[in-house]
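Student: Protein chains in written order, with this note's numbering: chain G, 1 to 369; chain U, 1001 to 1369; chain F, 2001 to 2369; chain E, 3001 to 3369.
If you're looking for bench data, these hints aren't it; they were derived computationally from the structure.
Fair warning: this is a prediction, and the values are worked out from it, not measured in the lab.
In this text, a Cβ means the ideal position worked out from N, Cα and C, and glycines have one as well.
Check the hints yourself; a few may be wrong.
Unchecked claim - Going by beta-carbon spacing under 7 Å, a handful of chain E positions derived as facing chain F:
#: 1; residue: 3171
#: 2; residue: 3175
#: 3; residue: 3178
#: 4; residue: 3182
#: 5; residue: 3189
#: 6; residue: 3190
#: 7; residue: 3266
#: 8; residue: 3267
Claimed, not checked - Listed below are the simulated DSSO-like cross-link pairs for lysine-lysine, each with C-alpha atoms no more than 27 Å apart in a straight line:
#: 9; chain 1: E; residue 1: 3353; chain 2: U; residue 2: 1075
#: 10; chain 1: U; residue 1: 1106; chain 2: U; residue 2: 1308
#: 11; chain 1: G; residue 1: 187; chain 2: U; residue 2: 1187
#: 12; chain 1: E; residue 1: 3187; chain 2: F; residue 2: 2308
#: 13; chain 1: U; residue 1: 1092; chain 2: E; residue 2: 3092
#: 14; chain 1: E; residue 1: 3092; chain 2: U; residue 2: 1025
#: 15; chain 1: F; residue 1: 2284; chain 2: U; residue 2: 1283
#: 16; chain 1: G; residue 1: 106; chain 2: G; residue 2: 340
#: 17; chain 1: F; residue 1: 2078; chain 2: G; residue 2: 92
#: 18; chain 1: E; residue 1: 3025; chain 2: E; residue 2: 3277
#: 19; chain 1: E; residue 1: 3078; chain 2: U; residue 2: 1092
#: 20; chain 1: F; residue 1: 2179; chain 2: E; residue 2: 3187
#: 21; chain 1: F; residue 1: 2025; chain 2: G; residue 2: 92
#: 22; chain 1: U; residue 1: 1078; chain 2: U; residue 2: 1025
As the list claims (entries may be wrong) - Over the 12 Å line for every Cβ pair with chain U, so calculated as not near, a few chain G residues:
#: 23; residue: 4
#: 24; residue: 28
#: 25; residue: 37
#: 26; residue: 61
#: 27; residue: 64
#: 28; residue: 68
#: 29; residue: 78
#: 30; residue: 112
#: 31; residue: 114
#: 32; residue: 118
#: 33; residue: 130
#: 34; residue: 163
#: 35; residue: 196
#: 36; residue: 315
#: 37; residue: 356
4 protein chains.
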Amino acid sequence: MKKYYDAAIIGGGIIGCSIAYYLAKENLKVGLFESGELGGKTTSAAAGMLGAHSECDDMNIFYPFARNSQLEYFKLEKEIRELSKIDISLCKGGIYKLAYTEKEKKEMESLCALPTVDWLDANQVISNESTISPLILGAAYIEDDVSVVPEAVCKGLGISASVLGAELHEYTQVYDIQKQESTYLIKTPAGEVEAQYVVVASGLWSNSFFESMGLSNRIVPVKGECLSVWNRGTVLNHTLFHEHQYIVPRMNGSLVIGATMVENDWNERPSLGGIEKLIVHAKKMMPEIGEMEIGSTWAGLRPQTFDKKPFIGRHPEQEGLLFAAGHFRNGILLAPGTGKMISNLILGKEVNKKWREAFKIERRHEVFA
Amino acid sequence: MKKYYDAAIIGGGIIGCSIAYYLAKENLKVGLFESGELGGKTTSAAAGMLGAHSECDDMNIFYPFARNSQLEYFKLEKEIRELSKIDISLCKGGIYKLAYTEKEKKEMESLCALPTVDWLDANQVISNESTISPLILGAAYIEDDVSVVPEAVCKGLGISASVLGAELHEYTQVYDIQKQESTYLIKTPAGEVEAQYVVVASGLWSNSFFESMGLSNRIVPVKGECLSVWNRGTVLNHTLFHEHQYIVPRMNGSLVIGATMVENDWNERPSLGGIEKLIVHAKKMMPEIGEMEIGSTWAGLRPQTFDKKPFIGRHPEQEGLLFAAGHFRNGILLAPGTGKMISNLILGKEVNKKWREAFKIERRHEVFA
Amino acid sequence: MKKYYDAAIIGGGIIGCSIAYYLAKENLKVGLFESGELGGKTTSAAAGMLGAHSECDDMNIFYPFARNSQLEYFKLEKEIRELSKIDISLCKGGIYKLAYTEKEKKEMESLCALPTVDWLDANQVISNESTISPLILGAAYIEDDVSVVPEAVCKGLGISASVLGAELHEYTQVYDIQKQESTYLIKTPAGEVEAQYVVVASGLWSNSFFESMGLSNRIVPVKGECLSVWNRGTVLNHTLFHEHQYIVPRMNGSLVIGATMVENDWNERPSLGGIEKLIVHAKKMMPEIGEMEIGSTWAGLRPQTFDKKPFIGRHPEQEGLLFAAGHFRNGILLAPGTGKMISNLILGKEVNKKWREAFKIERRHEVFA
Amino acid sequence: MKKYYDAAIIGGGIIGCSIAYYLAKENLKVGLFESGELGGKTTSAAAGMLGAHSECDDMNIFYPFARNSQLEYFKLEKEIRELSKIDISLCKGGIYKLAYTEKEKKEMESLCALPTVDWLDANQVISNESTISPLILGAAYIEDDVSVVPEAVCKGLGISASVLGAELHEYTQVYDIQKQESTYLIKTPAGEVEAQYVVVASGLWSNSFFESMGLSNRIVPVKGECLSVWNRGTVLNHTLFHEHQYIVPRMNGSLVIGATMVENDWNERPSLGGIEKLIVHAKKMMPEIGEMEIGSTWAGLRPQTFDKKPFIGRHPEQEGLLFAAGHFRNGILLAPGTGKMISNLILGKEVNKKWREAFKIERRHEVFA
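Isolated chain G, as found in the complex (with noise of 0.2 Å):
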């Protein structure tokens, strides 16, 4: 007889272990199916920083969503500690947004008018971080911003699963999902398995499912070249974000510095013009990174939708079938959010009827307009 599990997860980045998580809790037997490792993709090329405030631009649906799963984070930070014995390494300090024009310092009006951010003029940002460019005019500053080591969450949420009972399986590849009478099969080079729920949540990788299961959802690639440098000078206490690239301070003495956005490219790695880019950018932040030495360098391919928004929810037509994927440039933030709405779908809970329309597989372009 067939393994079952009451629910399979197809994905093992950072999205496919919260849900895992939040499932496993729940008491459901959860299978997690991932073709490498853990959090070997898309997951572990983030930067980690969860940018609930300095990354939205949808106060509406989106923030309210994103700022629940950010607040997730300060309670899963003990639980993983003591589930997996993983430290996610939670840093705080917050993020500094960066003006250097009055239209950039305009456009953050809406974001400065939010009870969690404060405008700081440039003498204020400069007192507490002597290296940033003294060009700039001000900064938002968001305190709750604060970045977390990606694939630490993704190991953490994973093996915690683990411990309460969820079985993983990595280097797995599934290659099939068959609907059957009352249970979906899962094809997999290692055999079968039957499961009475199934949630899709392989990023990027997603597309050849929705084909498979009759969607016309695509998910396109868009590369993120980073790179990281050893700090060992002066501390950086901030995040520092500008035009959609930061410097994010991690707590082992590294700065990493992040991203460019190359659409449609499937190459997982840096490109020596990426690089540069990166390294123009992070200068006109902070002007003596320059003088820094590099640690690594990597890329990753961040799984964009029509919208930019994530596909979360049933299959429109397919009972038992889920998705969890496209979540752009903010899987890290989202992922805890991810977790509780697959979970309260699959428990029958509630779930925040805006946050279903907005993020439902078969919307169209209207939904964020």
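Starting from the structure of chain G, add chains U, F and E where the hints point.
Tutor: For chains U, F and E alone, kept in the frame of chain G given last:
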């Protein structure tokens, strides 16, 4: 209009790259599709021993095919260097296949009867390689079983094919191959192309294609773990071989020790226990290797068929569709022969009938009996 | 005019960085000189077990010093994070010091008599850690023998010192220290500086300074080889310890296995034979570790003195010259205590008289007899 | 009794290994002492361009010496492979020294007058290498300025010397050399040896020996930063060279881009700003290199003397003591010539008088004026 290729190769390991090379030499318009990097999986994990003699137990069919492929390397080395500027590091010296017991010596009798193989007693062996264990009875010396660096061969064949006009699509997974009227449609996340001929050369990852093409053939993994050491003292001039394990000298001063055989393990990383076994066996062949510095450790998944011989040939029913996969322990050795055979099949040239029969997809168990 | 420091520290391992930190806290003008990178040698090779109890055999003098240093870590963790933003990954859980025989159990009697240590029988141990070998009789459980990541501690102390005003000169070898009238002249390839106090904290590389300062003290290397594994299944909550070997869980999901003891070997790389020994011993403690994925392998040279205790104190004749070197297996554990003791000696504060006697440079064999 | 060597070489970079090799060939009993690994510092950071023509500005003395050394490589390649089984990857194709302006073209006139050098106009250059910038005026083509892999040469010379009887002591720092009656005493942490001849070949790290030997000679570092890229598309058949920067094709499919010139920087790691400069300059030579994948980044410290020429010769007063250090940008190119010259000096064979004068330790500024 869709891009058109005369031949689309699915898989950029050494087999796929060899096929691309031999087809490009014949002026076919070739497209190669690889989900990661050229040679990034099974190929780069191999030690690169060209064991036409030492690995063969079937002198009737398999040996001539292997030997033919081995001889091709002596031409390929120069062709690849001239076209791609890549050096495949063909390392001469040959193999000492060691015997510790009379039984092992006896089992090598038919091997030693070949004109290209000599039996050397312990004194002769040790006077040439003073570091070999004094416990041996002797060794079969096979001068022609040289070695290459598999990753270099694969990249060299790929880039040479590209210089001859082939198009290499790395980071491009093929998720479906559909028969059309006179061509095949190759579906990838980056778009679709058309091809008259399709060759599935995806090694272990060919199963989903077998399945979707209506074939019951399957390939299973046999994981092989390896490690390298830095040889700072004595120089090892021959590959040592015993019970399917080996110590292969590389031309950069390292020795490659391989390889374990772990059936049905899809995990691509070496285990502690596997590394321990390798060390124990290597010390049995060359006691002082225990003093050498460990370099790196790695693993690869060998693609094994039901009879341990590759599938090379046409789909039994579908015109224009071919397979070249399942080379088990001998992918590096057999790559040139496989590339030529597929090329000849596509171009309608003559192919040794015994080989066609022995490697055909639809064969049953009796062939190699 | 030459640059002047109140105190020049020679050596940027964990001992030198700790001294720099405690002196900088006291507002001394500190310069630290390191020939490579902070913590790049012996420090980063250590597993980071703070074995005040498990590593001590002298309860009279050494234990109180070690215990004092251990307790300092619980304060340091926060101080370092606040000053340098570096997390030292202090990992709780403590040590299980395993006994397989009645003899081993008996040898732990005095250890178990300490109020901070408990004896657990096999059932208790295995019910807490199901992966421990069922062959044990039991274990001494030492909750306070936690672990840290040595490289992080070292960098954290160094950068914290720098934030407090110390100057860190990496890649700056000191090749001579010359006594002048009231100061010392420190010669480096990058130029000369003056200092009132000089502390030689160069670990194994202190011998040339002993010699040029007219001391017959010598430090010899005891190489320790280590490896790490990725623990994907079960979580290990305690460090396992047996016959000076250990398995230490890290908060990133890895386990560190160490360490061999190879006397008088200056080679800084692990040997094949050393790795084999580690695996054999680790499997004895935790059989299923053989299934885990190997991470990396490395080695470090422990600085051993004639009586295995460090030299901490003043040069017997030369005013202003101090030594802090030779911490053997316990450099991480003893770093805070050593830093404080040197700081107190320089500032003329009180220092425990027993410790001064026990660790003084000019001691002879009888001290720890 | 102490171990005795005819010649002790201090330093296991490419210069020291070359000296060891040429002395061992002459049947001297040679001991080589290296504080880390063979070729682990400046040597392995070099790109390996043998720029006898492209790097020379003194055609009278330096060029013949360099050219002589260059020609030696064509013999060495085979000798090293036979003795050590190491392939030095001698890569043919030569150099295109690019000119973008009439001024640059004019500066190459004397170079192009050499019989081994040709001027090619832009069309000729680009028809051979289509990826070179169309902004060039042309290039000097120097077929003989081939390249090697420096680490392989160094290891190959070292192991070949060892096969010929030399003893290589890695991880063995020499901290003092003392003149005795008829020999020298070499002091290392691992003990003392005696030698009739001592050759200091410690590159940048020779200063402390100069000082203790009463010489005022000094060597200062000029840091060079490098990076590699993976060339997957077009094949580059020539090294490109412009304003002391270069793109060197390697025979493994990578390109090495180097190198910056940072005076008096002892830090051995590349900085962000240095990497940026390399990318900008490389794109000027070969615009499409911006699209290529970055491989690794590294740096090395070139040993520069007051007149940028090496010190090769005898101590002016102390019999039996020789120096071979300070090869600046040309250590790889000059290694064979230096090894032979030192060997000839020790054996009392004839040495070109001009070279002896030009490279002698006690020279003053006028020599190369």
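Student: Evaluate each hint against the coordinates.
Tutor: Hints and how they fare:
With a least beta-carbon distance of about 4 Å to chain F, the hint placing residue 3171 of chain E at the interface is held under the 7 Å criterion. The restraint placing residue 3175 of chain E at the interface with chain F holds, with a minimum CB-CB distance near 4 Å, inside the 7 Å limit. Because the closest C-beta pair between residue 3178 of chain E and chain F is about 12 Å apart, greater than 7 Å, the hint is violated. Among the interface hints, the one on residue 3182 of chain E is violated; its C-beta lies about 24 Å from the nearest C-beta in chain F, farther than the 7 Å criterion.
Hint status for residue 3189 of chain E relative to chain F: holds, with the closest Cβ pair at about 6 Å, below 7 Å. Checking residue 3190 of chain E against chain F: minimum C-beta separation of about 6 Å stays under 7 Å; hint holds. Because the beta carbon of residue 3266 of chain E sits about 4 Å from the nearest beta carbon in chain F, less than 7 Å, this interface hint is met. Here the hint on residue 3267 of chain E is kept, as its CB sits about 5 Å from the closest CB of chain F, short of 7 Å.
The suggested pairing of residue 3353 of chain E with residue 1075 of chain U is violated, with an alpha-carbon distance near 48 Å, which exceeds 27 Å. For the given pair, residue 1106 of chain U sits about 24 Å from residue 1308 of chain U by alpha-carbon distance, which is consistent with the 27 Å threshold. Distance check on the hinted pair: residue 187 of chain G and residue 1187 of chain U sit about 20 Å apart at the alpha-carbon level, within 27 Å; holds. Using a Cα cut-off of 27 Å, the hinted pair residue 3187 of chain E and residue 2308 of chain F holds, with the two alpha carbons roughly 24 Å apart.
Among the hinted pairs, residue 1092 of chain U with residue 3092 of chain E is consistent with the structure: their alpha-carbon atoms are about 22 Å apart, no more than 27 Å. A C-alpha spacing of about 24 Å is found between residue 3092 of chain E and residue 1025 of chain U, which places the hinted pair at or below 27 Å, so the restraint holds. The straight-line distance between the Cα atoms of residue 2284 of chain F and residue 1283 of chain U is roughly 21 Å, inside the 27 Å bound, and the hint therefore holds. Our distance criterion of 27 Å between C-alpha atoms is broken by residue 106 of chain G and residue 340 of chain G, whose separation comes to about 35 Å.
Restraint check for residue 2078 of chain F and residue 92 of chain G: satisfied, since their Cα atoms lie roughly 13 Å apart, inside the 27 Å limit. Annotation: proposed proximity of residue 3025 of chain E to residue 3277 of chain E is violated, straight-line Cα distance about 43 Å (limit 27 Å). Annotation: proposed proximity of residue 3078 of chain E to residue 1092 of chain U holds, straight-line Cα distance about 13 Å (limit 27 Å). The suggested pairing of residue 2179 of chain F with residue 3187 of chain E holds, with an alpha-carbon distance near 23 Å, which does not exceed 27 Å.
A threshold of 27 Å between alpha carbons decides the hint, and for residue 2025 of chain F with residue 92 of chain G the separation of about 24 Å falls inside it, so the pair holds. Annotation: proposed proximity of residue 1078 of chain U to residue 1025 of chain U holds, straight-line Cα distance about 15 Å (limit 27 Å). Consistency note on residue 4 of chain G: stated as away from chain U, and its beta-carbon is indeed over 12 Å from all of that chain's, at 21 Å minimum. With a minimum CB-CB distance of about 25 Å to chain U, residue 28 of chain G clears the 12 Å threshold, and the non-interface call stands.
Residue placement check: residue 37 of chain G does not keep its beta carbon more than 12 Å from all beta carbons of chain U (closest about 8 Å). With a cut of 12 Å on Cβ distances, residue 61 of chain G stays outside the contact zone with chain U, its closest approach being about 29 Å. At roughly 32 Å from the closest C-beta of chain U, the C-beta of residue 64 of chain G stays outside 12 Å, upholding its exclusion from the interface. Distance check for residue 68 of chain G against chain U: the nearest CB is about 32 Å away, which clears 12 Å, and the non-interface claim stands.
A cut-off of 12 Å between C-beta atoms confirms that residue 78 of chain G is not in contact with chain U; the least separation is 30 Å. Once the 12 Å rule is applied to beta carbons, residue 112 of chain G is consistent with being away from chain U; the minimum gap is 40 Å. For residue 114 of chain G, the shortest C-beta to C-beta distance to chain U comes to about 38 Å, beyond the 12 Å cut-off, and the non-interface label holds. Non-interface status of residue 118 of chain G relative to chain U is upheld: no Cβ of that chain comes within 12 Å, the nearest being about 43 Å off.
For residue 130 of chain G, the requirement that its beta carbon stay farther than 12 Å from each beta carbon of chain U is met, with the minimum near 42 Å. Residue-level check passed: residue 163 of chain G sits 20 Å from the nearest beta carbon of chain U, beyond 12 Å. With 12 Å as the threshold on Cβ separation, the claim that residue 196 of chain G sits away from chain U holds: the shortest Cβ distance comes to roughly 24 Å. Chain U leaves residue 315 of chain G outside its interface by the beta-carbon criterion, the shortest separation being 19 Å against a cut-off of 12 Å.
Against chain U, the non-interface label of residue 356 of chain G holds: every CB pair exceeds 12 Å, the least being about 28 Å.
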